[in-house]
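Going line by line, the protein sequences match chains A and B.
Quick note on numbering: the numbering used here labels position 6 of the first sequence as 6, and the sequence is numbered without any gaps.
Quick note on numbering: the numbering used here labels position 490 of the second sequence as 490, and the sequence is numbered without any gaps.
The hints are simulated quantities; they were obtained by calculation from the structure and are not laboratory data.
Note that beta-carbon positions come from the ideal geometry of N, C-alpha and C, so glycine has one too.
Hints are not guaranteed to be accurate.
What follows is a set of in silico ranges between Cβ atoms, one per label pair, in the way DEER data are often shown [unchecked claim]:
#, chain 1, residue 1, chain 2, residue 2, range
1, B, P487, A, G112, 57 to 67 Å
2, A, K51, B, A66, 55 to 65 Å
3, A, A205, B, H697, 57 to 67 Å
4, B, M1, A, K23, 54 to 64 Å
Capping the alpha-carbon separation at 30 Å, the derived lysine-lysine pairs in DSS-like fashion look like this [as the list claims (entries may be wrong)]:
#, chain 1, residue 1, chain 2, residue 2
5, B, K202, A, K51
6, B, K236, A, K191
7, B, K379, A, K51
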Amino acid sequence: MAERHEVVFVDGVRTPFGRAGEKGMYWNTRADDLIVKAMVGLLERHPDLPKDRIDDVAIAATTQTGDQGLTLGRSAAILAGLPKSVPGFAIDRMCAGAMTSVTTISGGIAFGAYDLALAGGVEHMGRHPMGSGVDPNPRFLSEKLVNAEALNMGNTAEKIHDRFPQLTKERADHYALRSQQKAAAAYEAGKFQPDLIPVAIQSDAGWGLATRDEALRPDTTLEGLATLKTPFRPHGRVTAGNSSGLNDGATISLLASEAMAKELGLTAKMKLVSFAFAGVEPEIMGIGPVPSTEKALKKAGLTIDQIGLFELNEAFAVQVLSLLDHFGIDDDDPRVNQWGGAIAIGHPLASSGVRLMIQLAAQFKERPDVQYGLTAMCVGLGQGGSVIWENPYFDGKSALSKGAK
Amino acid sequence: MTTAEDFADLRAMSQDEVITHSYLRDVPLASGKTLALITLDNNRDHTRPSTLGPETLVEFAAMLDAQKERAAKGEIAAVAVTGKPFFLAAGADLTQAGDIPSRAVGKQMAQLGHWSLGKLSELGVPSFVFINGLALGGGVEIGLNADYRTIDRNIPGLALPEVFLGIIPGWGGAYLLPNLIGIENALKVVIENPLKNNTMLKGQEAFDLGIADAIFDSVSFLEDSIAWADAVLTGKIKVKRANEPGKVERAVKWDIAIGIATKTLESRIGKIALSPYRALDLLKAAKNTDKKTGFAAEDDALADLISGDQFRASIYAFNLVQKRAKRPAGAPDRKIAKPVTKVGVIGAGLMASQFALLFVRRLKVPVVITDLDQARVDKGVGYIHDEIQKLLDKKRISPDEANRLTALVSGTTNKADFAECDWVIEAVFEELGVKQDVFADVEQYLSDTAVLATNTSSLSVEQIGAKLKHPERLVGFHFFNPVAVMPLIEVVKTRKTDDETLSTAMVTAAALYKNAVNTTDTPGFVVNRILAKVLGEAMHAVDTGTPFETVEESTRPFGLPMTPFELLELVGLQVGAHVLDTHHAAFPDRFFESQNLHRLAELGHIFERDSKGKIKGIDKKARDIVAGGTTPMTAEELRIRIEDGLADEIHRMLDEKVVEAAEDIDLCLILGAGYPFQMGGVTPYLDRVGASERVFHDTFHHPVIKGVA
Chain A
1 MAERHEVVFV DGVRTPFGRA GEKGMYWNTR ADDLIVKAMV GLLERHPDLP KDRIDDVAIA
61 ATTQTGDQGL TLGRSAAILA GLPKSVPGFA IDRMCAGAMT SVTTISGGIA FGAYDLALAG
121 GVEHMGRHPM GSGVDPNPRF LSEKLVNAEA LNMGNTAEKI HDRFPQLTKE RADHYALRSQ
181 QKAAAAYEAG KFQPDLIPVA IQSDAGWGLA TRDEALRPDT TLEGLATLKT PFRPHGRVTA
241 GNSSGLNDGA TISLLASEAM AKELGLTAKM KLVSFAFAGV EPEIMGIGPV PSTEKALKKA
301 GLTIDQIGLF ELNEAFAVQV LSLLDHFGID DDDPRVNQWG GAIAIGHPLA SSGVRLMIQL
361 AAQFKERPDV QYGLTAMCVG LGQGGSVIWE NPYFDGKSAL SKGAK
Chain B
1 MTTAEDFADL RAMSQDEVIT HSYLRDVPLA SGKTLALITL DNNRDHTRPS TLGPETLVEF
61 AAMLDAQKER AAKGEIAAVA VTGKPFFLAA GADLTQAGDI PSRAVGKQMA QLGHWSLGKL
121 SELGVPSFVF INGLALGGGV EIGLNADYRT IDRNIPGLAL PEVFLGIIPG WGGAYLLPNL
181 IGIENALKVV IENPLKNNTM LKGQEAFDLG IADAIFDSVS FLEDSIAWAD AVLTGKIKVK
241 RANEPGKVER AVKWDIAIGI ATKTLESRIG KIALSPYRAL DLLKAAKNTD KKTGFAAEDD
301 ALADLISGDQ FRASIYAFNL VQKRAKRPAG APDRKIAKPV TKVGVIGAGL MASQFALLFV
361 RRLKVPVVIT DLDQARVDKG VGYIHDEIQK LLDKKRISPD EANRLTALVS GTTNKADFAE
421 CDWVIEAVFE ELGVKQDVFA DVEQYLSDTA VLATNTSSLS VEQIGAKLKH PERLVGFHFF
481 NPVAVMPLIE VVKTRKTDDE TLSTAMVTAA ALYKNAVNTT DTPGFVVNRI LAKVLGEAMH
541 AVDTGTPFET VEESTRPFGL PMTPFELLEL VGLQVGAHVL DTHHAAFPDR FFESQNLHRL
601 AELGHIFERD SKGKIKGIDK KARDIVAGGT TPMTAEELRI RIEDGLADEI HRMLDEKVVE
661 AAEDIDLCLI LGAGYPFQMG GVTPYLDRVG ASERVFHDTF HHPVIKGVA
């Protein structure tokens with residue numbers, strides 16, 4: 001029997017996130033090139049890393065066809081110049097793709113099957129629009145297995161407003177505004193830049209370089225948000241302003257067993273505590289992180305008040321609020337998404353999970369008073385995913401640490 | 001001050017130029033500075049490389065002027081230039097350069113390049129060129145005019161091919177390159193490589209020579225180049241150039257290197273080709289002149305050459321090799337070619353074994369060889385297996401590939417083992433009866449559709465097939481020695497050869513990576529008939545009293561790779577004598593035989609050579625053998641005789657429709673006999689020296705391919 005190993009998050013990087021579509025900066029850039037450039041950028045940060053010691057490469061994407069197909073983990077590994085002895089595979093759990101890459105690899109490390117591996121995700125929603133090429137089984141509808149509205153994410157967000165009338169459009173807009181403001185401030189303070197890998201981009205005006213997230217709207221106002229259309233329902237509550245957009249981008253992380261990190265002299269940025277996935281009704285998929293977080297906390301033997309930092313994916317403002325409400329956390333709680341979230345930065349589906357981890361890891365380093373952090377996100381077809389991390393920089397002086405196992 | 005208006009004549013003739021546009025984007029650098037990144041892109045796909053015509057250069061100049069202004073205002077910290085995917089730029093637009101109407105316009109072309117690219121060194125801020133893809137000629141010179149260069153490790157090639165085409169690097173290359181990478185390296189790039197079959201440098205080689213200051217992998221080449229440029233700007237990286245010539249090199253090494261290069265060149269290609277020597281002059285002068293003087297010298301050299309005969313002929317020859325060779329004239333539809341899935345080779349001697357090796361390497365199908373007895377067969381198979389092993393040892397093929405190829409080659413003495421072959425080629429003794437019999441014998445075992453090919457060089461293909469039940473499936477397939485190296489195959493069609501067979505032969509030649517030219521079944525086909533003419537005249541001159549040296553003198557103005565007697569020794573004196581005999585037999589009134597050549601063959605050589613094989617002079621015994629002639633010619637008289645003889649013979653060949661056009665004769669001579677680009681093969685030369693007019697009162701080409709005033 002293999003013995004259980006501790007899993008550490010050594011490092012993570014990402015491409016700047018682009019706005020999907022013809023006018024977006026990555027329109028002429030292949031999806032596989034995005035993940036490959038992120039991988040090369042990550043490996044260049046660790047020039048002494050013995051590449052032949054990488055045991056596996058897991059890369060997620062939701063729409064795995066064309067330039068986003070061909071068993072991404074393997075093809076990206078070859079394109080990134082990893083030794084051919086390094087294997088790779090592709091993962092899909094829609095929005096939680098990259099998160100699932102990390103948890104799947106982590107499971108392998110914990111079991112002793114891997115010592116060192118790459119996990120990440122990519123989504124080029126310009127080249128691969130959401131739902132393109134899908135062919136839902138007619139039984140979904142004929143047997144009423146899922147509501148027809150479940151495949152439209154905006155509708156599922158409206159449903160959260162229905163179920164929880166206290167989650168008003170005003171709260172959602174306010175949350176969205178704060179996300180934009182926090183992201184703008186974080187950019188100003190240089191919080192994101194160290195972990196962004198610039199990408200050369202082709203355009204009608206020649207080559208350029210993507211160095212910043214493209215979709216940020218720092219000038220957002222509450223008044224402006226109030227006037228936006230509600231595309232999913234007449235007089236609805238979900239707007240483009242209080243939702244994440246359609247984006248292109250890639251993320252990648254380096255994971256290792258604690259022993260291997262030590263052997264190679266790698267510094268761990270985070271240590272894995274627990275993870276969990278959970279299912280909910282597909283037509284209200286946004287509440288998925290609630291049960292998955294409960295489950296992850298239980299497995300970790302922690303309570304929600306022991307979590308010092310939250311990185312929650314903002315697929316929709318209302319969906320984040322539903323989790324905060326559930327756990328009795330204030331909409332403006334400073335522990336939550338302190339550098340903003342997907343509403344401002346963007347949400348290239350299967351890449352977002354590792355972005356949450358990159359941001360949490362960067363915050364851990366600044367916050368030795370925090371022992372535990374949570375990354376969580378909702379997933380289409382009614383799922384949630386949650387990963388709890390421990391801060392290696394924790395200095396033991398936090399009030400929050402009392403009572404942890 | 002020079003402006004774009006100064007190039008009006010040149011620009012007037014570039015109406016249909018495919019313009020490579022200069023696109024600009026500002027790139028924010030990690031240091032906070034701004035880089036103005038210019039992309040060269042002709043907006044065509046990867047089949048049309050970006051080229052640098054006059055309008056392109058004018059647009060580029062305007063772009064650089066604008067950046068100079070921005071730099072002065074402090075808006076940008078540097079300018080960088082790169083290309084569309086896979087290409088930086090493939091140099092000047094050659095289709096247009098071949099139409100330059102006068103020396104004056106030719107000089108404008110040189111000056112425009114200097115004016116435009118030269119702006120890269122006058123921006124007021126550092127300039128960078130990111131060599132992201134193919135860079136040829138002017139494409140390389142964009143980089144040389146900049147302050148710094150990076151290069152992609154996987155570019156398909158970098159080269160200054162000008163000398164190969166009869167001109168010189170005239171947009172700064174001849175002056176800037178030796179001052180960047182040293183004289184010996186520059187000689188290699190400017191002269192040696194172009195004359196070595198236009199060899200190109202790989203990214204790593206260009207970097208090692210010092211042409212680029214940094215090298216990066218393709219996967220993030222542009223990102224890495226931009227970051228590197230930032231590091232240079234902030235002083236984090238100090239660029240060191242190990243090959244940049246110092247005082248000692250200039251004082252001592254420079255002239256010695258030029259001297260050695262000159263001697264090597266003279267002994268290799270003679271003094272007829274102009275461009276290598278003009279390039280040498282420029283490289284020599286680059287030692288201690290300033291840039292302005294160096295560029296002015298380039299202007300004059302380029303103006304002279306681009307308006308001259310040799311450049312026109314070279315462009316003609318280049319187009320033949322690049323275009324006509326790829327789409328052979330008179331070839332039937334490729335679609336009717338029959339698949340070749342197993343090859344039979346009759347004969348197991350050296351030539352046959354070389355065929356077998358070539359077929360198995362290129363077609364990767366089973367190849368079976370046969371000969372009279374098992375010992376010969378074993379020897380042949382052994383030779384092929386050894387050659388495959390050598391390829392493996394040289395890492396030209398992988399162990400798996402070596403196993404695959406080795407297993408595909410077998411030998412037999414039983415022709416029944418040829419049953420499944422759909423392509424059978426013979427390389428047996430050059431005697432009609434023998435060839436007739438082996439084909440008739442093997443035919444009984446073959447399917448009715450199998451193609452038969454003969455490598456005869458001197459027999460009638462049709463007669464070789466006289467005993468066949470199905471002569472329509474026989475085709476001539478004439479290789480040149482050495483088989484693995486020479487790029488030409490003459491594919492010979494008899495009156496009976498059907499289109500399926502001919503198409504199969506053309507397609508098979510292409511699959512062997514050879515260029516095929518269609519000819520009719522006439523003595524000597526193309527190459528041997530032309531060579532027999534020249535060699536017959538040469539031997540006739542010797543036989544009638546002209547000294548060997550005078551004969552050698554007579555063909556020097558052609559600029560051929562070797563003299564007639566060097567060629568005779570190379571092909572073998574006995575073979576040469578045989579070639580003369582067969583042509584004399586076929587055309588007794590126009591082709592000479594030579595008994596003396598048979599006697600020289602018995603002696604075994606014409607030249608006296610030193611221990612290293614270097615020619616010291618004519619062997620005394622050879623001189624004695626040919627002594628006795630009483631009507632010597634001068635070199636001049638003989639040269640005119642040979643020129644006129646060639647014009648006459650080629651004119652007849654075209655009348656007889658041996659090939660489709662004069663272009664095919666030239667293509668054969670360039671690919672099969674190493675006739676130089678500056679002659680355009682041979683017909684442009686015959687036109688421009690007046691031989692065509694003298695003999696048949698017309699020219700092969702209309703208009704004549706020659707220079708302008």
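Quiz item: If you check the beta carbons of M1 of chain B and K23 of chain A, does the distance land in 54 to 64 Å?
Solution: violated (42 Å)
Practice problem: May I ask you to test the hint 57 to 67 Å on the CB atoms belonging to P487 of chain B and G112 of chain A? | Solution: For P487 of chain B and G112 of chain A the Cβ distance comes to about 59 Å; the hint holds.
Quiz item: Is it true that the CA of K202 of chain B sits at most 30 Å from the CA of K51 of chain A?
Solution: holds (26 Å)
Quiz item: Do the Cβ positions of A205 of chain A and H697 of chain B conform to the proposed distance bound of 57 to 67 Å?
Solution: Holds: the Cβ-Cβ distance is about 59 Å, inside 57 to 67 Å.
Practice problem: Go ahead and decide if the range 55 to 65 Å is satisfied by the Cβ distance of K51 of chain A to A66 of chain B. | Solution: About 44 Å separates the Cβ atoms of K51 of chain A and A66 of chain B, which means 55 to 65 Å is violated.
Quiz item: Between K379 of chain B and K51 of chain A, is the straight-line Cα distance small enough, at 30 Å or below?
Solution: violated (48 Å)
Quiz item: Taking only the CA atoms, is the gap from K236 of chain B to K191 of chain A under or equal to 30 Å?
Solution: Holds, at roughly 24 Å.
Figure legend: structure checked against the earlier numbered hints; hints not met, in rising order: 2, 4 and 7.
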